[in-house]
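Line by line, the protein sequences are chains A and B. Note that my numbering gives residue 97 to position 97 of the first sequence, counting from 1, and the numbers run on in steps of one. Note that my numbering gives residue 96 to position 96 of the second sequence, counting from 1, and the numbers run on in steps of one.
FYI, nobody ran anything at the bench for these hints, they're computed from the structure. Hints should not be assumed to be uniformly reliable.
Said to hold, decoys possible - One-sided excerpt, in silico: chain A residues whose CB lies under 7 Å from chain B:
| hint | residue |
| --- | --- |
| 1 | Val160 |
| 2 | Gly168 |
| 3 | His171 |
| 4 | Gly257 |
Said to hold, decoys possible - Which stretches of chain A does chain B cover? Using the computed rule of at least three CB atoms under 8 Å from a CB of chain B, they are:
| hint | stretch |
| --- | --- |
| 5 | 111–119 |
| 6 | 271–279 |
What the hints assert, rightly or not - Derived Cβ-Cβ restraints for the label pairs, each shown as a range:
| hint | chain 1 | residue 1 | chain 2 | residue 2 | range |
| --- | --- | --- | --- | --- | --- |
| 7 | B | Ala111 | A | Leu32 | 18 to 26 Å |
| 8 | A | Arg6 | B | Asn261 | 53 to 61 Å |
| 9 | B | Trp204 | A | Arg51 | 48 to 56 Å |
| 10 | A | Leu183 | B | Gln64 | 41 to 49 Å |
| 11 | A | Arg6 | B | Arg137 | 15 to 23 Å |
| 12 | A | Gly168 | B | Ala111 | 33 to 41 Å |
| 13 | A | Val134 | B | Gly159 | 24 to 32 Å |
Just so it is clear, CB atoms sit at the ideal spot from N, CA and C, and this is done for glycine as well.
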Amino acid sequence: MHRMTRFILRRLLHMVPVLFGVTVVVFVTIKLIPGSPIAGLLGPGSTPATRAELINRLGLNKPIPIQYFDWLRSTLEGNFGTSISFQSSAGTLVFNAFRNTMILAGAALILALVGGFVLGAIGALWPKGMAGRVTSAISTFSLAIPQYSAGLLLIVLFSVDHTWLPSGGMHSVTGSTGFADLLRHLVLPALAAGLAPIGVVARMFRAALLDVMGQEFVQSMRARGLRRTTIIRHAIHNTLPALLTITGLQIGYLLSGVVFIETIFSWPGLGQLVYGAISARDLPLIQAGVLISAVAVVLVNVIVDVAHGFIDPRVRQ
Amino acid sequence: MSEATTAYDMAAEVHVTSGQPERRSWHLSRVRALPPGVLIGGGIVSILVIVAIAAPLIAPDDPQAGSLLTRLQGVGTSGHLLGTDGQGRDVLSRLIWGARPSLIAGIVPVAIAGVIGTALGAIAGFGGSRLRTLLMRSLDVLYAFPAILLAIAIGATLGPGLTNVIVSLSVILIPPIARIAESEALRIRSLDFMDAARTSGAGWIRIGLRQVLPNIAPPVIVYCTALVGLAIVYAAGLSFLGLGIVPPQPDWGGTLNDLRNNLFTQPWLSLVPAAAIFIASAAFNILGDGLRELLDVRADRAK
């Protein structure tokens, strides 16, 4: 366990320079946005005196590196600034939206893992058969379907002519707003978001399982006359590290790609919040949104690495 | 590839053919022997490129001229084969003209990121461990941002338009390409033929062009081909969000967004531009799979 603790600490230390770089990129990108935030805050009719006062109060007359460290310090204290368009804490807004995004991305991830696992296993265990060919075709094509197209297709199929499933929002405006209602609103967006990852997971899991099935320990189990189901169980156990890598990659992809899904299905998540913040020139909100999602991706990568260490002792070296 | 059995063979090969595989003569039987993915994917890609180039000749209508009398005609209307949009503009003509910016926004960023990413990856792979750590950690920073969110942030900073779409997509595509190039460079840096080339006195420019590039190119090309499919989807997505091609100039993502507004009056019409994006993206994916088979790249290397 001592070695494991050291491994975890080392991974956490590796995270620090990356996170530092992330804050620099976010800060610089926001600084590059054309147009003065002062003019936007005060409107066109402001006097030079009030402008100078606001510039002074916001610290915008200080050198850029000082502004960066001021911003970094208050961010580390958990203060993400005040959203200009909502006039409330940017941090609270982002965290609430992020929770909704996690619900959507989590549901899509479950779909992708279960669907991809089944398709990939069929493809790897019967590579020459009809089932294997069909599943590999499905996984190739599901990759090419953009999430926004999948979303529109699902709305056309399930919400236009019939009202089987709701085409937008997270809860019904009237009536029940319980868990069942949330699930009903979740079906279409989660399917649309999970479609492409199903293909990716299927392809990668298929490759991993084929690789394991060709290794010597599988041959030796076969030679000892073990049942096929037993062999497959051992083989799947050995694809766990690969599955973990795949899962980590998909979480990153889903956190990014749900922007489209959230726009189409009016899902009140982070993508929609940041998109709205950009059209409203709400700089603190953009900063907080992009920063928090990047930090989430970095954390997910660390968790995946640590889980690797738990599963496979060789990784800990 | 030029991976001969002994260092001696390698040195000989370096002198005689400079590590390049022997060029075989062009013959029809070689076309038939191509993997089906190359033929099918390459065929569809060629057709799309020809359509984009020949847009003025084959588009039946002016893509920007609408008529409020012929709004929202369905698919199969006489005179408007794929219907008309909310402003009465011919959807088929908008798709044909839209192929130009949509394909450019898919191909050009991958080409730019391919050159920069390969160069960075090769430098990281062959440089000292400090340089490698510095370069790859810097790219890790870009990698940490969810790709689309970063593209949206850059797009919002620069403003909409084809050039800015190309810039923002190039930025988000550099890190994954650099990773592939770096792992390939690390793989070949200690192989015998590199020593042979160094011993025979070749300079680093010559080694880079004659030994490194031909050896790390195949996996990078395979990966980049599939990335074009993704870039087309991303570029159309940025237009869909209003951060891409500026309307009324036609492009696939923008057309999709136009027709989305009429989803409940003409539901199937909005699937027409979606199908164009799907076909183009799938064609590049199929071509990438075919090239992987043709160039014998292991699947797990270019995920």
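Now the hints, each set against the structure:
For Val160/A, the interface hint holds, the least distance from its beta-carbon to any beta-carbon of chain B being 4 Å, beneath 7 Å. Using the Cβ-Cβ criterion of 7 Å, the hint placing Gly168/A at the interface with chain B is not satisfied: the shortest such distance is roughly 11 Å. Checking His171/A against chain B: minimum C-beta separation of about 21 Å lies over 7 Å; hint violated. For Gly257/A, the suggested interface contact is upheld, since its CB lies about 6 Å from the closest CB of chain B, less than 7 Å.
Interface restraint, the stretch 111–119 of chain A with chain B: violated (0 residues with C-beta to C-beta distance below 8 Å; minimum three). Counting residues of the stretch 271–279 of chain A whose beta-carbon sits less than 8 Å from any beta-carbon of chain B gives 4, enough to reach three: the coverage restraint holds. Between Ala111/B and Leu32/A the C-beta distance comes to about 25 Å, which sits within the given range of 18 to 26 Å. Here the CB-CB span from Arg6/A to Asn261/B is close to 57 Å, well matched to the stated 53 to 61 Å.
The beta-carbon spacing between Trp204/B and Arg51/A, approximately 55 Å, falls within the hinted interval of 48 to 56 Å. Distance hint check for Leu183/A and Gln64/B: the Cβ-Cβ separation is about 44 Å, which falls inside the suggested range of 41 to 49 Å. Separation of Arg6/A from Arg137/B is about 21 Å and conforms to the stated range, judged on CB atoms against 15 to 23 Å. Look at Gly168/A against Ala111/B: about 38 Å separates their beta carbons, and that is inside 33 to 41 Å.
In this structure, Val134/A and Gly159/B break the distance hint of 24 to 32 Å, their C-beta atoms being roughly 45 Å apart.
Checked against the numbered hints given earlier, this structure breaks hints 2, 3, 5, 13; the rest are met.
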